[in-house]
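Trainee: One letter stands for each residue in the lines below.
4 protein chains.
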Amino acid sequence: MPEKELRVDLLSVTPHALSLIYAAFRQCYHAGFVADMWPRLLNGEIEREVQADFVRKVLDSGHDSPVEHVSFTYAIEGISRACSHQLVRHRIASYSQQSQRYVTDSMEYVLPPAIARIPEAKKRFERFMEEVGAAYGDLHDILVANGRKSKANEDARFVLPQAAETKIVVTMNCRSLLHFFSLRCCMRAQWEVRAMAQQMLELAKKELPAIFETAGARCEQLGYCPESPKFACGKYPTREQGA
Amino acid sequence: MPEKELRVDLLSVTPHALSLIYAAFRQCYHAGFVADMWPRLLNGEIEREVQADFVRKVLDSGHDSPVEHVSFTYAIEGISRACSHQLVRHRIASYSQQSQRYVTDSMEYVLPPAIARIPEAKKRFERFMEEVGAAYGDLHDILVANGRKSKANEDARFVLPQAAETKIVVTMNCRSLLHFFSLRCCMRAQWEVRAMAQQMLELAKKELPAIFETAGARCEQLGYCPESPKFACGKYPTREQGA
Amino acid sequence: MPEKELRVDLLSVTPHALSLIYAAFRQCYHAGFVADMWPRLLNGEIEREVQADFVRKVLDSGHDSPVEHVSFTYAIEGISRACSHQLVRHRIASYSQQSQRYVTDSMEYVLPPAIARIPEAKKRFERFMEEVGAAYGDLHDILVANGRKSKANEDARFVLPQAAETKIVVTMNCRSLLHFFSLRCCMRAQWEVRAMAQQMLELAKKELPAIFETAGARCEQLGYCPESPKFACGKYPTREQGA
Amino acid sequence: MPEKELRVDLLSVTPHALSLIYAAFRQCYHAGFVADMWPRLLNGEIEREVQADFVRKVLDSGHDSPVEHVSFTYAIEGISRACSHQLVRHRIASYSQQSQRYVTDSMEYVLPPAIARIPEAKKRFERFMEEVGAAYGDLHDILVANGRKSKANEDARFVLPQAAETKIVVTMNCRSLLHFFSLRCCMRAQWEVRAMAQQMLELAKKELPAIFETAGARCEQLGYCPESPKFACGKYPTREQGA
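Quick mapping for you: the protein sequence lines, in order, are chains F, Y, C and P. Going left to right, the first sequence walks through residues -15 to 227 as our numbering numbers them. Going left to right, the second sequence walks through residues -15 to 227 as our numbering numbers them. Going left to right, the third sequence walks through residues -15 to 227 as our numbering numbers them. Going left to right, the fourth sequence walks through residues -15 to 227 as our numbering numbers them.
In short, the hints are calculated from the structure, not lab data. Incorrect hints may have been included.
[Claimed, not checked] Pairs of lysine-lysine residues, derived as DSS-like cross-links and limited to a Cα-Cα distance of at most 30 Å, are as follows: (1) C:K219 <-> Y:K107; (2) C:K133 <-> C:K41; (3) F:K133 <-> P:K106; (4) C:K219 <-> F:K41; (5) P:K190 <-> P:K214.
[To be verified] Derived Cβ-Cβ restraints for the label pairs, each shown as a range: (6) P:P(-1) <-> C:R73: 45 to 53 Å; (7) F:P103 <-> Y:S45: 43 to 51 Å; (8) P:K189 <-> C:A129: 50 to 58 Å.
[Claimed, not checked] Examples of chain P residues lying across from chain F (beta carbon under 8 Å, computed): (9) R73; (10) P96; (11) E115; (12) G121; (13) D122; (14) D139.
Idealized CB from N, CA, C, for every residue including glycine.
Full structure from sequences and hints, please.
Mentor: Set out below in structure tokens:
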């Protein structure tokens, strides 16, 4: 099994994202119909900076549901099954993940950086990955030889490691993304899901800065670390530390 | 209070909707990374008809979660509060609705067609709407005169009728829309939510026929009416009627 | 239409609620199987106070998903349709609401306290409610006389006011309840949904103090008001006010 | 790593489950308040069989949301990480899963039955599990020796197999359970998730037969197999086969 690098691509974003959020916010408090205002939002008659300022202000006041109207779809490869297991626990999202039962020709794996940095660990890890490949191949062959051809993948996959690479298409709306980033960009999160979240955030920031420029771990908005001192990473002081 | 007509506008759809669904389906069963296939989907190297056929086939097999990656955002006006109450019961969706607490200058109402068709009923209905306007105005004035200015709208709105018109921005993904149409395009649904659902469906069909051309009430897919004979509208026979 | 008072009954709570949350928390970090520990949780071998302390500590650390395993089911009557419309916007919950299309014999209404306190307003409100009853009756009769018997309720209900009383059965898990209370027990919330939320919270506190004793508006946990000064009720200082 | 057997325990069910569902259904169509009817439901004045008949009839008519008021909490051990990954994809549910980052002393695994039945395969599988244990131990020691003590588990776990046993506490409401059973009790589902679903269903049937006696794969309700002939297991004919 060869090693695989993380890659996060942004496939799709709701078009006119800022204007759509602006329109949704406005519809809540406005007597008119936003569909009538829509052309003026798109042609710039109502300036983008005006839209962005309004959106920032309402968001700051705690009214965040209108950002749900905009969704981001990412294609992600080079994450481990351990990481995808954490990802799919976020329930307000849609996932299409590569099936290990059907797809078997590209058995690659994710190498944890802490292991990569220690030559002895890296060597041991890589030797084990060869053992995995051998065990998978042997079991597959035995199963086929014993008449279980169509399900050989399904059973042999039980030897595949948590490190096994997977690919996934993920769609989340902006509210769900903000929540996801607040948890997974934190130093307490596992390195891999954090690296993935960080790349997702960079792409979101470029696309829709009004919503994402201040996104990230909760400390970035709060100005202090909400964790107990035991878990604090030190970037910001905790409340107990006089934040 | 003047009458108001239903209007449904499609503000936004996930771009490259068909290709995105195709890509998500493919990622489940494909060894490669869909981000590598993405340019060929967009430039037509993989033809749209090929994409549509594949999507239709997988949907028919019951695998429908990948259609969640595509969402539609509608702006709707001219529906009653009775109708919006039914709409927002669909939980896999995002809503931004005009607030009756904040917006009060445009008190309009929805006139049920069955009432509109009977002159005596229509007259009685319209007379009542004038009584509503008077009661709202009187209460508002009394509350302001008694020092409750900032909340006068909030309290006076208790006299507004279910017929009171509202505006709402709604985002649903395709899976949620298909479910919504299956229930709300049925003749058992109330006329108003059905009229709204029907307009939403027409816009969805035009935009993404591969997913929506066969959408609608459940009978349209099943070829029979799944309701008990007591509730059947007669368009299709029920199972008891030998469907 | 006669007036109706708010009443909130607790029909059902997940049994062994505290122990269930404790067990779910423990399963995350414990090598053994919680089903083996379960009898000792129920028979008090692991003391309730020990369970409560553990649960409080983990909750404080921000790990709140295990409280989802416990749900509360309330039966609520004496709320207006305006209030139920706000309630059902909370999507992580289950609702069974009295249908205005089917149930029509008990047309009662909710009287806003601010209106009740001003005799002139109360009188105007009550007179309007009589007009509603008359309009509903007239329209119903006209529709029946014109051959629309089975749908007469459905159409005539368009004149019913936002004040119209409704009854609803609501189930929410503890995480959703905590979120609901944080928004709806705030003085910024409308008086009616706040009164209802407050009664729900009292019942929850009695049943499961370890989870709910500090629940309520966000200020109660934060020790300051997270709203902008413009919206602050004054119970706690805002951050701008030096909190 | 030693082998581990599947075990499913029912920790908790919403009390008075049948009566609660009955009450919720009734509230939709009944003029009175179900809280007033509640004592007569519990003391048997309204007989259980009457309640069950009513619930079955409404469910058959397609109105299924009131069953959401009742939830089941299961504790499950002896499933693989492959299986738990499939389980947690069901989003309308709550999960508390044993963390591989924190819990490491009980490294056990799930042995697929098809492998267990072939002595050569079983031997190869067991030999590989020893290699896993060795690799995990080696990596853990190397990481600790290189100063990465607190995160040694987190990194070493990348070698753990999909077969690695996990424990999880799961809460689902009845509507979500019915959907889960319809998909996962089907012969198309993977053997392991099917075995788990089957045990969950048996416990649910015993507890609440009115809801679950006809639950299971979709064919059990439909009387035919909704899959294409290619995927049909043969228990029921498909529509193409003249069902």
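Trainee: Let me know if the C-beta of D139 (chain P) comes in closer than 8 Å to any C-beta of chain F, holds or violated.
Mentor: holds (5 Å)
Trainee: Does K41 (chain F) sit within 30 Å of K219 (chain C), going by the straight-line distance between their CA atoms?
Mentor: Holds: K219 (chain C) and K41 (chain F) sit about 24 Å apart, inside 30 Å.
Trainee: Min Cβ distance, D122 (chain P) to chain F: is it shorter than 8 Å?
Mentor: Because about 5 Å separates D122 (chain P) from the closest Cβ in chain F, which is inside the 8 Å limit, the hint holds.
Trainee: Can you verify the interface hint for G121 (chain P): is its Cβ closer than 8 Å to any Cβ in chain F?
Mentor: Violated - the Cβ of G121 (chain P) stays beyond 8 Å from chain F, reaching only about 10 Å at its closest.
Trainee: With a cut-off of 30 Å on the C-alpha distance, tell me whether K219 (chain C) and K107 (chain Y) pass.
Mentor: Answer violated: K219 (chain C) to K107 (chain Y) is near 51 Å, above 30 Å.
Trainee: Quick one, are K133 (chain C) and K41 (chain C) close enough, alpha carbons at most 30 Å?
Mentor: Answer violated: K133 (chain C) to K41 (chain C) is near 60 Å, above 30 Å.
Trainee: Checking one constraint from the list: CA of K133 (chain F) to CA of K106 (chain P), max 30 Å. Satisfied?
Mentor: holds (17 Å)
Trainee: Between P103 (chain F) and S45 (chain Y), does the beta-carbon spacing fit 43 to 51 Å?
Mentor: holds (49 Å)
Trainee: Once the shortest beta carbon distance from R73 (chain P) to chain F is found, is it less than 8 Å?
Mentor: Because about 6 Å separates R73 (chain P) from the closest Cβ in chain F, which is inside the 8 Å limit, the hint holds.
Trainee: Taking the beta carbons of K189 (chain P) and A129 (chain C), is their distance inside 50 to 58 Å?
Mentor: holds (52 Å)
Trainee: Does the beta carbon distance between P(-1) (chain P) and R73 (chain C) stay inside 45 to 53 Å, or does it fall outside?
Mentor: With Cβ atoms ~28 Å apart, the hint is violated.
Trainee: Is the hint on E115 (chain P) kept, meaning its closest Cβ partner in chain F is under 8 Å away?
Mentor: holds (5 Å)
Consistency note: the structure conflicts with the earlier hints numbered 1, 2, 5, 6, 12.
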